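Chains A and B supply the protein sequences, listed in that same order. Count along the first sequence from 1, then add 1; that gives the number in the working numbering. Count along the second sequence from 1, then add 70; that gives the number in the working numbering.
Please note that a few of the clues may not be correct.
[Unchecked claim] Straight-line Cα separation of at most 27 Å, DSS-like style, residue types lysine-lysine; simulated pairs:
hint : chain 1 : residue 1 : chain 2 : residue 2
1    : A       : Lys-390   : B       : Lys-152
2    : A       : Lys-23    : A       : Lys-49
3    : A       : Lys-390   : A       : Lys-143
4    : A       : Lys-613   : A       : Lys-49
5    : A       : Lys-143   : A       : Lys-23
6    : A       : Lys-516   : A       : Lys-436
7    : A       : Lys-134   : A       : Lys-434
8    : B       : Lys-72    : A       : Lys-3
9    : A       : Lys-143   : A       : Lys-436
10   : A       : Lys-461   : B       : Lys-214
11   : A       : Lys-240   : A       : Lys-23
12   : A       : Lys-23    : B       : Lys-152
13   : A       : Lys-105   : B       : Lys-72
Source of the hints: derived by calculation from the structure; they are not laboratory data. The model shown is predicted, which means the values in this text are computed figures rather than measured ones.
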Amino acid sequence: MKNISDSIPKVDAHEKLSGSAKYVSDYMLEDMHYAKTVRSPHAKAKIKAIHIPTLKPGVHVFGAKDIPAKNHVNMIFDDWPVFAEETVNHVGEPVLLVVAPDRKLLKETVDAIQVEYDPLTPEFSLKAFAVHKAFKKGDAEKAFSEADEIIEETYETGYQEQAYIEPQGFIGTYEDGKTTLIGSIQCPYYVKNALLVTLGCAENEVQVIQAEVGGAFGGKEEFPSLMACQLAIAVRTLKKPIKMIYEREEDMAVTTKRHPSKTRMRAAIKDGRVQAIEAHVSLDAGAYTGLSGVVLSRAMLAVSSAYTIPNLDVSGHAYITNTVPNGAFRGFGAPQMIFAIEMFMHHIGKALGDDPYHFRRKHLVKQGDLTATAGIYRDPILMDKMIDKATAMADYHKKVHAYNAPDVYRGIGMSWFLHGCGFTGSGEAEHIKSKVRLRKDEANRVHILVAAVDMGQGAKTTLRKVVAHVLKLPLDQVIFDNPDTDRVPDSGPTVASRTAMIVGGLLARAAEKLKTSWEDGVAYTVEEQYKQPDYIKWDEDTMQGDAYPAYSWGVNIVEVAVDPVTYQVDVIGIWSVYDVGKALDERIIMGQADGGQAQGVAYGYLEVMAHKQGVLQHKNMTDYIIPTSVDMAPTENVVIDNPYAFGPYGAKGAGELSLVGGAPAVAQAIEQAIGKKICKIPATPEHIEELMRRESH
Amino acid sequence: MKAIEFTLNDELVTVDLQPHMRLLDVLREHFLLTGPKEGCGEGECGACAVLLDGHIVNSCLLPLANVHKRHVTTIEHFSRSKRYQVIEEAMIYEGGVQCGICTPGMVIAIESLLNKDPNPSDAAIRIGLSGNLCRCTGYNMIVKAVKRAASKGEGLW
Ligand code: FES
Ligand code: FES
Numbered sequence: 002m003k004n005i006s007d008s009i010p011k012v013d014a015h016e017k018l019s020g021s022a023k024y025v026s027d028y029m030l031e032d033m034h035y036a037k038t039v040r041s042p043h044a045k046a047k048i049k050a051i052h053i054p055t056l057k058p059g060v061h062v063f064g065a066k067d068i069p070a071k072n073h074v075n076m077i078f079d080d081w082p083v084f085a086e087e088t089v090n091h092v093g094e095p096v097l098l099v100v101a102p103d104r105k106l107l108k109e110t111v112d113a114i115q116v117e118y119d120p121l122t123p124e125f126s127l128k129a130f131a132v133h134k135a136f137k138k139g140d141a142e143k144a145f146s147e148a149d150e151i152i153e154e155t156y157e158t159g160y161q162e163q164a165y166i167e168p169q170g171f172i173g174t175y176e177d178g179k180t181t182l183i184g185s186i187q188c189p190y191y192v193k194n195a196l197l198v199t200l201g202c203a204e205n206e207v208q209v210i211q212a213e214v215g216g217a218f219g220g221k222e223e224f225p226s227l228m229a230c231q232l233a234i235a236v237r238t239l240k241k242p243i244k245m246i247y248e249r250e251e252d253m254a255v256t257t258k259r260h261p262s263k264t265r266m267r268a269a270i271k272d273g274r275v276q277a278i279e280a281h282v283s284l285d286a287g288a289y290t291g292l293s294g295v296v297l298s299r300a301m302l303a304v305s306s307a308y309t310i311p312n313l314d315v316s317g318h319a320y321i322t323n324t325v326p327n328g329a330f331r332g333f334g335a336p337q338m339i340f341a342i343e344m345f346m347h348h349i350g351k352a353l354g355d356d357p358y359h360f361r362r363k364h365l366v367k368q369g370d371l372t373a374t375a376g377i378y379r380d381p382i383l384m385d386k387m388i389d390k391a392t393a394m395a396d397y398h399k400k401v402h403a404y405n406a407p408d409v410y411r412g413i414g415m416s417w418f419l420h421g422c423g424f425t426g427s428g429e430a431e432h433i434k435s436k437v438r439l440r441k442d443e444a445n446r447v448h449i450l451v452a453a454v455d456m457g458q459g460a461k462t463t464l465r466k467v468v469a470h471v472l473k474l475p476l477d478q479v480i481f482d483n484p485d486t487d488r489v490p491d492s493g494p495t496v497a498s499r500t501a502m503i504v505g506g507l508l509a510r511a512a513e514k515l516k517t518s519w520e521d522g523v524a525y526t527v528e529e530q531y532k533q534p535d536y537i538k539w540d541e542d543t544m545q546g547d548a549y550p551a552y553s554w555g556v557n558i559v560e561v562a563v564d565p566v567t568y569q570v571d572v573i574g575i576w577s578v579y580d581v582g583k584a585l586d587e588r589i590i591m592g593q594a595d596g597g598q599a600q601g602v603a604y605g606y607l608e609v610m611a612h613k614q615g616v617l618q619h620k621n622m623t624d625y626i627i628p629t630s631v632d633m634a635p636t637e638n639v640v641i642d643n644p645y646a647f648g649p650y651g652a653k654g655a656g657e658l659s660l661v662g663g664a665p666a667v668a669q670a671i672e673q674a675i676g677k678k679i680c681k682i683p684a685t686p687e688h689i690e691e692l693m694r695r696e697s698h
Numbered sequence: 071m072k073a074i075e076f077t078l079n080d081e082l083v084t085v086d087l088q089p090h091m092r093l094l095d096v097l098r099e100h101f102l103l104t105g106p107k108e109g110c111g112e113g114e115c116g117a118c119a120v121l122l123d124g125h126i127v128n129s130c131l132l133p134l135a136n137v138h139k140r141h142v143t144t145i146e147h148f149s150r151s152k153r154y155q156v157i158e159e160a161m162i163y164e165g166g167v168q169c170g171i172c173t174p175g176m177v178i179a180i181e182s183l184l185n186k187d188p189n190p191s192d193a194a195i196r197i198g199l200s201g202n203l204c205r206c207t208g209y210n211m212i213v214k215a216v217k218r219a220a221s222k223g224e225g226l227w
């Protein structure tokens with residue numbers, strides 16, 4: 002049999018290239034109505050009165066009072082309202098939904114509605130927390146009391162906007178008592194479960210279908226549930242098709258973003274080694290908690306990243322502020338922490354007068370070491386080989402030496418890191434309980450029935466490949482249509498780098514089952530459900546044990562030139578080596594590598610978003626800069642084989658890994674180029690100028 | 071109001087619509103040509119790109135009146151051409167397609183670029199594609215696809 006990693010043409014490439022792939026905004030239905038949200042202009046206010054003008058025929062307005070059951074979006078914390086009821090807590094918070102038969106009337110009505118507010122004093126600083134978590138490893142206190150030296154630093158990261166090119170959207174339809182929502186979503190069952198809670202209806206009264214998704218990156222993980230609940234209320238009442246597609250400015254202003262963070266780190270040094278780290282991470286959750294507690298966990302769990310530190314004292318808070326709620330974004334808390342730890346280890350090395358590369362490398366984790374939460378790194382770790390490979394590809398050692406000379410304004414930086422695959426802790430076993438099915442029809446075609454979404458990462462291609470390989474069937478005998486909750490079981494959300502490893506693993510097992518029981522010409526279905534490997538133990542309360550079933554590993558090297566006058570950063574090259582277990586399709590993994598590191602590197606130096614009194618200052622693609630083809634440097638990426646026993650054909654997670662190390666690599670490169678310490682990203686020309694000025698006095 | 075007349079995908083069409091309407095809306099909603107996508111609505115992303123007399127334009131910025139008596143080609147029509155076949159093969163071969171939302175616009179940009187410069191350097195490719203944002207790929211695989219299309223499609227442009 003051919004090697005699974007050999008690339009095949011992506012199964013959906015032709016329809017996407019030729020413009021025939023159908024995204025949600027491409028649906029045009031008979032008697033279609035349009036919906037738009039009336040939003041708060043205040044960061045915090047009491048709603049005094051709502052004045053709705055006489056509505057033209059066909060125009061309708063919905064709000065909190067129209068919610069049949071619960072006025073919150075069902076997710077981990079249930080504090081996020083579907084519609085504001087008495088108070089608004091961030092600029093852009095939804096108050097009403099207007100539906101009209103055409104867009105002109107829609108806009109006129111939205112403009113004519115008057116909501117009276119009593120403004121209250123908003124909170125923008127990190128004062129009130131909604132989530133607190135902590136864990137320890139070894140005895141950090143003792144290590145600090147015995148230290149030769151204690152080094153302390155604080156690291157800050159800004160917002161990052163997912164900036165998928167397709168804004169969020171849904172179209173809802175109604176037929177025979179059933180409300181169907183077709184949307185640009187990552188998690189069909191998150192949406193369905195949210196609808197059940199908010200509508201309080203029976204399971205068979207709602208259906209969720211995934212349209213083609215034009216990019217998501219976490220941005221379409223939890224936020225679509227909010228839109229879906231609002232729209233479903235209108236669709237059920239009016240029994241008409243209604244389309245709600247955000248315009249770019251609305252999307253940027255109100256959808257979730259990467260949490261800004263501040264991480265304080267202290268290290269106890271003895272005999273030239275880090276004996277203990279005390280870390281505290283603060284995340285700005287925005288107005289509602291949403292998924293922030295889970296993002297906080299992943300951030301904290303990444304505290305020692307690819308280093309083994311014997312003693313740790315780690316804590317974190319997610320704070321509520323009167324700003325737009327933050328949420329899932331590729332990496333999910335890890336990019337913030339990996340920036341902090343990579344910079345910190347580099348800075349400690351420098352402070353101790355050691356070569357930071359040597360200093361970091363002597364702390365590198367090895368197979369059998371204890372993780373941050375005293376779990377075990379059970380599987381082989383190939384980081385030594387990977388670092389050697391990456392440094393050779395980039396000619397790192399020669400460059401790092403050459404760029405130490407003054408006034409060359411060039412720099413090269415390196416990060417190495419891990420990413421936990423799948424849900425944190427007991428998530429897979431206790432919350433998700435992923436279920437997959439394979440249905441064989443009479444023509445011996447095999448239908449993949451899972452809720453996994455192809456949002457560009459190639460799930461349709463790789464999952465079909467896995468099933469076809471196991472069954473030794475031609476690829477076109479294996480069918481994968483976009484998930485529809487009426488057809489597919491809940492195989493869990495398309496998040497956390499879990500699709501290839503967890504869903505793919507279950508599908509491989511289901512395919513084995515089908516192979517053994519195969520009966521030509523007979524239609525039947527097989528099912529598989531997730532079972533945690535027995536040796537995985539995790540205690541959610543104490544945060545002790547194996548936080549993840551497996552880890553993927555990576556090395557990023559970034560080279561930059563900084564303009565000595567304008568401080569403009571030019572990324573010259575990126576070199577990376579990744580261990581994702583086994584590539585299920587090499588070209589797809591290369592695409593994940595290139596795209597993820599573009600986002601990760603840009604997070605470190607280019608992408609700026611800030612708010613003023615709760616109003617985001619970067620409103621559209623003109624203000625919020627993402628890399629263009631000119632900004633992106635040529636890359637050289639290598640994927641090495643290190644098959645994981647429980648992944649399909651050895652595959653582990655790949656989707657987030659390539660993002661998490663980009664920022665520290667580019668920040669270290671800039672640090673070298675300008676000769677100033679960087680503790681805050683994005684390292685924009687303005688920030689660099691400030692550093693140059695500050696330290697030259 | 072004067073009807074607006076233009077050649078759309080090789081067919082002469084006349085429309086009685088507001089002249090200030092965005093060409094993108096006319097194409098998508100009036101002609102149901104949904105290959106051009108709306109990514110930003112302000113000329114930044116290129117997802118809405120079409121060919122106007124063979125040159126790339128962002129249809130979200132173009133008032134309908136401006137296409138009077140001119141030739142508009144969308145991906146739906148361009149995808150029936152030989153040049154498209156070459157671009158498609160190259161994009162698939164190099165892995166230039168992920169979520170696909172930028173892709174029709176990107177294909178139009180590649181066509182427009184190769185039309186002007188059948189053998190572009192890497193730098194010329196990057197400049198040629200810089201009006202089309204892609205959040206998924208990081209561009210390198212698309213740049214390689216343009217190179218491949220240029221060499222495989224020799225003589226076509
Ligand atoms: S939609 Fe026209 S340029 Fe973005
Ligand atoms: S492929 Fe997703 S934006 Fe380009």
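These are the hints, each one checked on the structure:
Proposed proximity of Lys-390 (chain A) and Lys-152 (chain B) is contradicted: the alpha carbons are some 42 Å apart, above 27 Å. Between Lys-23 (chain A) and Lys-49 (chain A) the CA atoms are separated by roughly 43 Å; this puts the pair beyond 27 Å, and the hint is violated. Taken as a hint, the Lys-390 (chain A) and Lys-143 (chain A) pair is broken in the structure, with Cα atoms around 38 Å apart against an allowance of 27 Å. For the proposed pair Lys-613 (chain A) and Lys-49 (chain A), the alpha carbon gap of about 25 Å is at most 27 Å, so the pair holds.
Taking the CA atoms of Lys-143 (chain A) and Lys-23 (chain A), the gap is about 60 Å. The hint is violated against a cut of 27 Å. Among the hinted pairs, Lys-516 (chain A) with Lys-436 (chain A) is consistent with the structure: their alpha-carbon atoms are about 19 Å apart, no more than 27 Å. With a CA separation close to 24 Å, the supplied pair Lys-134 (chain A) and Lys-434 (chain A) stays within the 27 Å bound. About 63 Å separates the Cα atoms of Lys-72 (chain B) and Lys-3 (chain A), which puts this hinted pair outside 27 Å; it is violated.
A threshold of 27 Å between alpha carbons decides the hint, and for Lys-143 (chain A) with Lys-436 (chain A) the separation of about 46 Å lies outside it, so the pair is violated. Between Lys-461 (chain A) and Lys-214 (chain B) the CA atoms are separated by roughly 24 Å; this keeps the pair inside 27 Å, and the hint holds. For the given pair, Lys-240 (chain A) sits about 23 Å from Lys-23 (chain A) by alpha-carbon distance, which is consistent with the 27 Å threshold. Taking the CA atoms of Lys-23 (chain A) and Lys-152 (chain B), the gap is about 24 Å. The hint holds against a cut of 27 Å.
A threshold of 27 Å between alpha carbons decides the hint, and for Lys-105 (chain A) with Lys-72 (chain B) the separation of about 22 Å falls inside it, so the pair holds.
Checked against the numbered hints given earlier, the structure breaks hints 1, 2, 3, 5, 8, 9 and satisfies all the rest.
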